[in-house]
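Student: Sequence:
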Amino acid sequence: MDVWLSRFLISATDGFLMLDENLRVLNANESWLQQAGLKYGEIIGRHIEDIFPDMGKEKLELYRKVMVTCDPVEFRHEDSTRLNGRVFDVKVFKIEEGIGVITREITEQAKYERGLEALHIHTSKIAEAKTLEEVCRLTYTLLQDALGFPVIDLIKIEDGYLIDVFSYGSEILQIPINGPGITARAARTGKTQFINDTREDSDYIKGPREWIALSELTVPVKIDGEPRLLINVESPEVNAFTENDRKLIEILTRHLSSDIKRINYENTLEALEKYSKLLHKASTLDEVVRTTLGFITDAMGYSRQVSELLKEKR
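To convert a position in the sequence shown, counted from 1, into this note's numbering, add 10.
Among these hints, one or two may not hold up.
Said to hold, decoys possible - Using C-beta positions, here's what the derived DEER-type ranges look like:
| id | residue 1 | residue 2 | range |
| --- | --- | --- | --- |
| 1 | Gly158 | Leu295 | 55 to 63 Å |
| 2 | Thr141 | Asp60 | 38 to 46 Å |
| 3 | Asp169 | Thr278 | 53 to 61 Å |
| 4 | Asp169 | Asn206 | 26 to 34 Å |
| 5 | Glu210 | Gly95 | 53 to 61 Å |
| 6 | Arg219 | Arg198 | 18 to 26 Å |
| 7 | Asp60 | Phe85 | 16 to 24 Å |
| 8 | Gly47 | Thr252 | 36 to 44 Å |
| 9 | Arg56 | Ala22 | 28 to 36 Å |
| 10 | Gly66 | Arg114 | 38 to 46 Å |
| 11 | Lys232 | Glu276 | 46 to 54 Å |
| 12 | Glu210 | Arg56 | 29 to 37 Å |
| 13 | Glu118 | Ile61 | 21 to 29 Å |
Said to hold, decoys possible - Once the Cα atoms are required to be at most 25 Å apart in a straight line, the calculated BS3-like pairs of lysine-lysine come out as:
| id | residue 1 | residue 2 |
| --- | --- | --- |
| 14 | Lys140 | Lys232 |
| 15 | Lys135 | Lys271 |
| 16 | Lys69 | Lys135 |
| 17 | Lys140 | Lys284 |
| 18 | Lys257 | Lys166 |
| 19 | Lys75 | Lys101 |
| 20 | Lys75 | Lys121 |
| 21 | Lys287 | Lys232 |
| 22 | Lys67 | Lys101 |
Keep in mind the hints are simulated off the structure, nothing from the lab. Idealized CB from N, CA, C, for every residue including glycine.
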């Protein structure tokens, strides 16, 4: 191998491994050793399959194919045992009498892609939900089981308070929007709150859990531009969430916004149909007024106080 090329590959930030014609290790750079969690003396002279016993026959054949055809190949390798599920992009190419291997960790990218796939599958189910409660239940399942967030709160915004709908733990909390708290700030501003270390945020207040949440990510679900629901995830570890976590939840909230608007629209149509039938049966002015006020309060979302005011004006 050219000396300059050899020095370049050995000093590269990507992992570099050099194998002989029998797929035994000739050399490796420090980046590769760190990726693999191995020491130089543990790999020299060993067969690639001995180092990665779970690599499988198909991937082993790819190495052999490169030796025969001299055509480079690229694939993903996930070691679910020794490397704790880390994912690598692997490029294998012919180099002199042996093989060169360049590896780059793409665990976070692979996790994000799996998250997008899970979002696609689960949001199609959420799109069939008929009630807000069903939307929240399916969303909680998606966040916990498919996306892997361990601590989740789904919080609705109602009459100036934050009220838990689905929550990690048994206690149901009510927090005033105008009070302290990261979730309250998200409700007031309508903006994502991405806190890597809550000890540095003066708005943080400890909840009923035994442990302190050191990381918190809160994303509002907006209906017609106004926050109506919050997705809140927490962790007892600092820097627990990534930008990809943020992107996934923000994508989810946009889907939820559309689904909740659809449900509200369907409920309004159903209420209108019911109101029309009741109005048709009304035989006095008082019955018309009572029916109309009930529709304004229950279906249109106006408060009871507004209905009473309209009644007084009558």
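Student: State for each hint whether it applies.
Tutor: Here's how the hints hold up against the structure:
{"no.": "1", "hint": "Gly158 to Leu295: 55 to 63 Å", "result": "59 Å, holds"}
{"no.": "2", "hint": "Thr141 to Asp60: 38 to 46 Å", "result": "56 Å, violated"}
{"no.": "3", "hint": "Asp169 to Thr278: 53 to 61 Å", "result": "20 Å, violated"}
{"no.": "4", "hint": "Asp169 to Asn206: 26 to 34 Å", "result": "32 Å, holds"}
{"no.": "5", "hint": "Glu210 to Gly95: 53 to 61 Å", "result": "30 Å, violated"}
{"no.": "6", "hint": "Arg219 to Arg198: 18 to 26 Å", "result": "23 Å, holds"}
{"no.": "7", "hint": "Asp60 to Phe85: 16 to 24 Å", "result": "19 Å, holds"}
{"no.": "8", "hint": "Gly47 to Thr252: 36 to 44 Å", "result": "22 Å, violated"}
{"no.": "9", "hint": "Arg56 to Ala22: 28 to 36 Å", "result": "22 Å, violated"}
{"no.": "10", "hint": "Gly66 to Arg114: 38 to 46 Å", "result": "20 Å, violated"}
{"no.": "11", "hint": "Lys232 to Glu276: 46 to 54 Å", "result": "19 Å, violated"}
{"no.": "12", "hint": "Glu210 to Arg56: 29 to 37 Å", "result": "47 Å, violated"}
{"no.": "13", "hint": "Glu118 to Ile61: 21 to 29 Å", "result": "24 Å, holds"}
{"no.": "14", "hint": "Lys140 to Lys232", "result": "19 Å, holds"}
{"no.": "15", "hint": "Lys135 to Lys271", "result": "16 Å, holds"}
{"no.": "16", "hint": "Lys69 to Lys135", "result": "36 Å, violated"}
{"no.": "17", "hint": "Lys140 to Lys284", "result": "18 Å, holds"}
{"no.": "18", "hint": "Lys257 to Lys166", "result": "21 Å, holds"}
{"no.": "19", "hint": "Lys75 to Lys101", "result": "13 Å, holds"}
{"no.": "20", "hint": "Lys75 to Lys121", "result": "29 Å, violated"}
{"no.": "21", "hint": "Lys287 to Lys232", "result": "33 Å, violated"}
{"no.": "22", "hint": "Lys67 to Lys101", "result": "17 Å, holds"}
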